[in-house]
Amino acid sequence: MRTAIVVFPGSNCDMDAREAVLDMGLGPVDMVWHNEETFPEPPDLVILPGGFSYGDYLRSGALAARTNIMKAVREHAMSGCLILGICNGFQILTEARLLPGALLPNANLRFICSPCHLRVERNNTPFTRSFPDRQIVQFPIAHHEGLYFLPPEELEELEERHQVVFRYADPVTREAGAEYSPNGALNGIAGIISREGNVLGLMPHPERATLKSLIRGTDGRGLWQSLGEHFGVFNVIGVREAVR
Amino acid sequence: MNKYRADVTVLPKEGVLDIQGKAVERTLRSHGYDAVSGVRVGRFIRFDVEALDESAAGDVVRSAADDLLANDLIESYSFTLETLR
Chain H
65 MRTAIVVFPG
75 SNCDMDAREA
85 VLDMGLGPVD
95 MVWHNEETFP
105 EPPDLVILPG
115 GFSYGDYLRS
125 GALAARTNIM
135 KAVREHAMSG
145 CLILGICNGF
155 QILTEARLLP
165 GALLPNANLR
175 FICSPCHLRV
185 ERNNTPFTRS
195 FPDRQIVQFP
205 IAHHEGLYFL
215 PPEELEELEE
225 RHQVVFRYAD
235 PVTREAGAEY
245 SPNGALNGIA
255 GIISREGNVL
265 GLMPHPERAT
275 LKSLIRGTDG
285 RGLWQSLGEH
295 FGVFNVIGVR
305 EAVR
Chain C
19 MNKYRADVTV
29 LPKEGVLDIQ
39 GKAVERTLRS
49 HGYDAVSGVR
59 VGRFIRFDVE
69 ALDESAAGDV
79 VRSAADDLLA
89 NDLIESYSFT
99 LETLR
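In the order they appear, the protein sequences are chains H and C.
Here my numbering is used: the first residue of the first sequence is 65, the next is one more, and so on.
Here my numbering is used: the first residue of the second sequence is 19, the next is one more, and so on.
In silico SDA-like links for lysine to any residue, alpha-carbon gap of 20 Å or less: (1) C:Lys31 to H:Arg161; (2) C:Lys31 to H:Pro216; (3) C:Lys31 to H:Leu122; (4) C:Lys21 to C:Leu102; (5) H:Lys135 to C:Asp85; (6) C:Lys40 to H:Leu250; (7) H:Lys135 to C:Leu86; (8) C:Lys40 to H:Phe213; (9) H:Lys276 to H:Ile200; (10) C:Lys31 to H:Leu219; (11) C:Lys40 to H:Asn172.
Calculated from the model, a selection of chain H residues having no Cβ within reach of chain C, i.e. all distances over 10 Å: (12) Thr102; (13) Ala206; (14) Asn251; (15) Leu275.
Keep in mind the hints are simulated off the structure, nothing from the lab.
Quick reminder that beta carbons are idealized off the backbone N, C-alpha and C, glycines included.
Let the hints inform the model, and build the full structure from the sequences given.
Okay, structure coming up:
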């Protein structure tokens, strides 16, 4: 398995993502500058990391979505390569129209940096296959534009096609939905997947819940475990081991 | 070639949550501006365009707005052109 992490001017979670991938034994990792027109080696997984690409000028992700490397990312997406956009990476994927919707300023107009609970709505994707059904996980969030928006009809279609993969949730009742959105996201949507099932974008940061020596929680390991299983790097192990 | 100045205004579409507009409206009202309603907060972008005529300049502005300046899922835009000497 080979991973490419795209670095835009203003990316600041690129090294966190690299550390997480390497810690999980999913290397090698190529760091790829946004001006490049191709990847040095064909990647199995492309990560668009969090941060503030181009200072969030114009709209979050708008300028990054129009860089050289995004043409290569689009081609890879079309050929079925896995693409993972985290936080600003999710914003970039929506701006590039590789995922539907847009991320608007948080409903409270504040930058929110906080631990956050999510419910895994689908565990039949390459990104989530190691999570138990409807697992509650804790990934931190850190963003100002995280209110997921899609016009009502398209939102309904998105739900009907089960493209919502992560939804903000209450860890005690395990209920999920708009009332648990820290940022006002419609239907409590924290992460979605493309119709083809190979492009995932989410606002929360699994890579910040991966290293055991860092901040509390390692639920993010379940996402990397899933990818490792998908690419045959890992044998399928007990889900409890993966998530705990 | 002629030179034109384009003034592009980008606003959140009707039906799209405009949190900033709402916050500004609340604050204005709390300052006694009871007559104010329907506040929308958007962006204003100005640039110059070289083109054969105003119609061609308009085409460039529309193309730039569709490609980048506005996200048509959530925003609409309008523009004016001024001939520069």
